[in-house]
Amino acid sequence: MRSGDAGVSYPDPARSWIGVAPVRFVATLLLVLLVYGFSFYFVDFDVGRLWSGLPKLAHWAAKAWPPDTSELGVLIERAIETVAMAVVGTTIGVVIAAPCCIVAAQNITPSRLLYTPMRWFLNTLRGIDSFIFALLFVAAVGLGPFAGVLGIGLHSAGTIAKLWSEAIEAAEPGPLEAAALTGANRLKVISYALLPDVLPNLTSITLYVWEFNVRSSTVLGVVGAGGIGQELKNSVDLLDFARLFTIILIILAMVTVIDQFSAWLRRKLV
Amino acid sequence: MTAALATDPAIRIIGLSKRFGDRVVLDDVSFEVAAGEVVAILGASGAGKTTLFRCVTRLAQSDGGQIFLGEHAIRTLGGRQLSMARSEIGLIFQQFNLIRRLSALDNVLVGRLGEVPTWRVMLRRFPHPDRQLALAALDRVGMLPYALQRADRLSGGQQQRVAIARALAQQSRFVLADEPVASLDPESAKSVLSILRDIARERMIAVLVSLHQVEFAIQFADRVIGLRAGRMIADRAAAAFAEADHRMIFAT
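Top line first, the protein sequences correspond to chains U and X. Just so we're aligned, residue -3 is where the first sequence starts under the numbering used here, counting upward by one. Just so we're aligned, residue 123 is where the second sequence starts under the numbering used here, counting upward by one.
Think of the hints as simulated: they come from the structure by calculation, not from any bench. There may be inaccurate statements among the hints.
Unchecked claim - So, partial list: chain U residues that the calculated Cβ filter (under 8 angstroms) puts toward chain X:
#, residue
1, 108
2, 174
3, 175
4, 180
5, 188
6, 200
Claimed, not checked - Some chain X residues close to chain U (C-beta under 8 angstroms, calculated; not the full set):
#, residue
7, 132
8, 134
9, 215
10, 232
Said to hold, decoys possible - Quick list of simulated restraints, FRET-style, between CB atoms:
#, chain 1, residue 1, chain 2, residue 2, range
11, U, 21, X, 372, 49 to 57 angstroms
12, U, 252, X, 222, 29 to 37 angstroms
13, X, 200, U, 183, 16 to 24 angstroms
14, X, 185, U, 169, 45 to 53 angstroms
15, U, 169, X, 190, 23 to 31 angstroms
16, X, 222, U, 204, 18 to 26 angstroms
17, X, 241, U, 73, 38 to 46 angstroms
18, X, 200, U, 169, 22 to 30 angstroms
For glycine and all other residues, C-beta sits at the position ideal for the given N, C-alpha and C.
Work out the full structure: start from the sequences and follow the hints.
The following block contains the structure:
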């Protein structure tokens, strides 16, 4: 028998030979298998079809080389349009989110009555993708980047306001209470005591959403809402794979540069 | 008559009681603090010190009794009058509660927030007299050389001195300090408490400070009040505070 230093032997905590743990393990395993079974069934997963489609993909890939750079100027212009859409769309999101996040942050909300409806409203905005909003706006304001910008703006407003209000709720309550108890009104407390504390965080969140919006703007063209996605769809429709390849390369370069730039900026903030 | 006015207590608490459900947290607490006087409340944690402070600032409403800060009947004030009364109370906290990313000077200017127009606060353009007041307050607590340092770069003792400067800039007539030295080393604690005592004398501020170290209470306060399980069990001149009182307050 092994014993501790002081010569005391510690009995192991009592454990039955077959306890709850194995039963729970088997039950969890069955549940996971069930979820996978249903999921694969519903998506018509078929390796055979992928196999028979491969030659077609290879054929296209062969046709994509060399990439067609004859329209490089136009395509780069479209890429810039995509980034511009993300900039304007994110800004619209910020403008809508700013007042909303104050109502949706538990620690500074002016009214408990408005808090829950505001959360619901923001969840709705966030739940509907920019793509779907853009689809509606194309019908309302016509084809082009303006529809895409409105779509990005509404969806981003929900995302930004939610993330902002969470950042605000995580702010230290002590300094806010100290400022409020000097007799300062809500606006003074928010602008003087809260904002300096959370501003780096809020900016970082905004950059992150902008970066995300650049990526989602690339597909908005598919529904006719402007940007490089429109060129991408045209090329696919015309089976012009050399041009498509160029577009994909441009998107890759653009997204990589934006991601790196935004990450660098966010690192500098903290 | 003038003599009577001069000794008129600045803080007056009469028969204060507070319950949380069935638990009595404050039971018939009565005492006074004169202008220029430092009164220490001694008690183990859970004795009701923090609840007492929260009742005096109306962060919590007491169940019975009366609280007067000067002419303000704190328990019955509402809205605008309450925030006017609060603007005369300087608060010192155990965790300092400074805005971390702002400079010491900007933190002292928090004491001016109640007076300065909202647009000036939002643009951070404080009028010259307010800035002078803040700088003078920093100078008084020996923190003028650190005016432009970020608050989170200062030591605990320095932060608490900035917090005192904030109360000075606020031109408070009353200072409530809830365990102001509980997170400080003994040297910083002594310097913070002696500043509190000195400003009470100089500016005729009534200072109510809660502590759990008896030797600090005796050294820096004029009077010591013992609180145990929400009941006042001692109210003595600091010099008359005896070992027996100590044992009674902290007996388990």
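Hint by hint, here is what the structure shows:
For the restraint placing residue 108/U at the interface with chain X, the shortest Cβ-Cβ distance is roughly 18 angstroms, beyond the 8 angstroms limit, so the hint is violated. For residue 174/U, the suggested interface contact is upheld, since its CB lies about 4 angstroms from the closest CB of chain X, less than 8 angstroms. The closest approach between the C-beta of residue 175/U and any C-beta of chain X is roughly 5 angstroms, which is under the 8 angstroms cut-off, so the hint is satisfied. Given hint, residue 180/U at the interface with chain X, holds; its Cβ is 4 angstroms from that chain's nearest Cβ, closer than 8 angstroms.
Taking 8 angstroms as the C-beta cut-off, the interface hint given for residue 188/U holds, the closest approach to chain X being about 5 angstroms. A cut of 8 angstroms between beta carbons decides the hint on residue 200/U: the least distance to chain X is about 14 angstroms, and the hint is violated. The criterion of a C-beta within 8 angstroms of any C-beta in chain U is not met by residue 132/X, whose closest approach is roughly 18 angstroms, and the hint is violated. About 20 angstroms separates the beta-carbon of residue 134/X from the nearest beta-carbon of chain U, more than 8 angstroms, and the hint is not met.
Contact between residue 215/X and chain U, as hinted, is supported at the beta carbon level, the nearest pair being about 6 angstroms apart and thus within 8 angstroms. Because the closest C-beta pair between residue 232/X and chain U is about 5 angstroms apart, less than 8 angstroms, the hint holds. For residue 21/U paired with residue 372/X, a C-beta distance near 52 angstroms keeps the hint of 49 to 57 angstroms intact. Distance hint check for residue 252/U and residue 222/X: the Cβ-Cβ separation is about 35 angstroms, which falls inside the suggested range of 29 to 37 angstroms.
The hinted range of 16 to 24 angstroms is satisfied by residue 200/X and residue 183/U, whose Cβ atoms lie roughly 21 angstroms apart. For residue 185/X and residue 169/U, the hinted distance range of 45 to 53 angstroms is not satisfied, since their beta carbons lie about 25 angstroms from each other. Hint check: residue 169/U to residue 190/X, Cβ distance near 28 angstroms, so the stated range 23 to 31 angstroms holds. Take residue 222/X and residue 204/U: their Cβ atoms lie about 23 angstroms apart, and the range 18 to 26 angstroms holds.
Our hint of 38 to 46 angstroms for residue 241/X and residue 73/U holds, since their Cβ atoms are close to 43 angstroms apart. The given range of 22 to 30 angstroms is respected by residue 200/X and residue 169/U, whose C-beta atoms sit roughly 23 angstroms from each other.
Taken one by one, the earlier hints fail for this structure at numbers 1, 6, 7, 8 and 14, listed in ascending order.
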